[in-house]
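S.K.: Turn these sequences into a full structure, and let the hints steer you where they fit.
Converting from the sequence shown to my numbering requires adding 46 to each position, the first position being numbered 1.
Accuracy of the hints is not assured; some may be wrong.
[Claimed, not checked] Calculated cross-link-like contacts (lysine-lysine; reagent style PhoX-like; alpha-carbon spacing at most 25 Å):
| # | residue 1 | residue 2 |
| --- | --- | --- |
| 1 | K356 | K307 |
| 2 | K99 | K369 |
| 3 | K307 | K336 |
| 4 | K307 | K294 |
[What the hints assert, rightly or not] What follows is a list of derived Cβ distance ranges for each label pair:
| # | residue 1 | residue 2 | range |
| --- | --- | --- | --- |
| 5 | T192 | L169 | 15 to 23 Å |
| 6 | I352 | D383 | 24 to 32 Å |
| 7 | N337 | E228 | 34 to 42 Å |
| 8 | D189 | R237 | 34 to 42 Å |
| 9 | E228 | E104 | 37 to 45 Å |
| 10 | P222 | G407 | 38 to 46 Å |
To be clear, the hints were calculated from the coordinates, so they are not data collected in a lab.
Quick caveat: nothing in here was measured; it's all calculated off a predicted structure.
Cβ coordinates follow ideal geometry from the N, Cα and C atoms, glycine included.
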Amino acid sequence: MKKFIVLFLALTLIACAAPATEAIPPTEEPTRPPATATAIPPTATAEPQSFFKVFGDEPIVSKGESGTWDDRYTDPGAVVFYDGVFHMFRNGFRGYPAESQVGYVTSTDGYTWTKQGADPVFLTKDVPYAKVAMFASSALVEDDGTWVLYFYTVDSMNFPADGVIGRATAPGPNGPWVPDAEPVLRPGSAREWDSRNVIAPHVIKTDDGYRMYYSGTDGMGGSQIGMATSSDGIQWTKYNDPATTEVKYQESDPVLLLGEKDSWESDQVHQPRVFPNGEGWVMIYRGSNKNKANMGLGIASSDDGIHWSKSALNPVFLPTEIKGAYQFWFHNVLLVDDTFFVFIEGDINQRTQIYLATYEGGMP
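M.R.: Below, the structure is given as structure tokens:
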């Protein structure tokens with residue numbers, strides 16, 4: 047629920063920004079600062095190394111015209127590269143309270159995008175258990191040609207908002223999109239680390255099934271990143287380390303934790319985007335501190351996808367890398383032919399649009 051404050055590649059990434067006026071969108075959880083919030087320049091944490099090349103000063107995908115369903119905010123939702131084409135299922139919304147809808151755009155190069163078919167193609171009201179809003183977050187195409195979209199819901203007016211992760215399928219990207227009858231991942235039991243919500247999933251097909259990385263919180267201790275596995279993409283088992291004994295880790299454990307007190311990521315690590323990197327894995331995630339003003343992108347590496355090491359260069363991307371932006375919110379990433387395409391929801395004048403940054407080569 048982008049109603050409140052919120053919390054994005056190795057040696058490289060880009061920046062965006064977030065809204066904060068009279069109407070506040072209910073996107074992912076945590077969200078944009080309220081109207082009384084003031085953007086605070088990042089403190090003296092590590093200066094990003096600008097490895098990412100921001101593509102121009104203009105958005106690659108713009109919000110809609112005045113009076114349309116997406117005339118205030120749009121974010122990069124879910125992205126997939128399939129059959130030589132970039133596909134983006136972007137979220138659009140007008141404010142808060144408001145439903146979000148999913149539009150569909152494509153590109154042959156990742157830089158120039160075109161709307162396709164009916165717009166939007168998937169609505170919040172299409173999901174029977176989405177009480178306030180629904181946001182696309184991850185997409186893939188199965189071997190039989192079925193398109194799969196993973197999304198998360200905003201189900202309350204609380205902060206952090208309640209929310210679950212769902213799945214929808216379609217014969218093609220224009221739909222019709224049909225959600226499963228029930229969510230595929232729910233929050234943990236009372237007092238668990240993810241007891242309030244599970245959101246912002248990123249799903250990867252592997253040789254032995256599927257992995258899902260997601261954000262979760264108990265509403266008290268900030269957002270952290272968890273992992274779940276599945277043999278079919280529908281029934282999921284959260285990662286659980288039997289060695290942990292704390293009450294909040296009885297059912298499952300996060301795989302990426304908050305940063306140290308007063309660090310740039312002391313309150314939020316979320317929006318995980320995970321890719322193969324050499325013999326292991328790389329994660330690009332977003333973090334923020336307690337007042338949600340010091341927001342940035344971080345990178346982490348892992349040999350097994352469970353035990354992660356954060357880069358000493360973090361944060362590798364800050365909002366100031368987008369011209370005119372005071373904040374960025376949602377991000378998504380594609381790895382295509384050794385180039386990372388980072389799509390960022392940049393906030394300029396309290397309206398958000400989608401910007402692009404790229405990085406070529408493997409992550410350090």
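S.K.: Determine for every hint whether it applies to the structure shown.
M.R.: Against the structure, the hints:
| no. | hint | verdict |
| --- | --- | --- |
| 1 | K356 x K307 | holds, 16 Å |
| 2 | K99 x K369 | holds, 13 Å |
| 3 | K307 x K336 | holds, 9 Å |
| 4 | K307 x K294 | holds, 20 Å |
| 5 | T192 x L169: 15 to 23 Å | holds, 20 Å |
| 6 | I352 x D383: 24 to 32 Å | holds, 28 Å |
| 7 | N337 x E228: 34 to 42 Å | holds, 37 Å |
| 8 | D189 x R237: 34 to 42 Å | holds, 40 Å |
| 9 | E228 x E104: 37 to 45 Å | holds, 41 Å |
| 10 | P222 x G407: 38 to 46 Å | holds, 40 Å |
In this structure, every one of the numbered hints holds.
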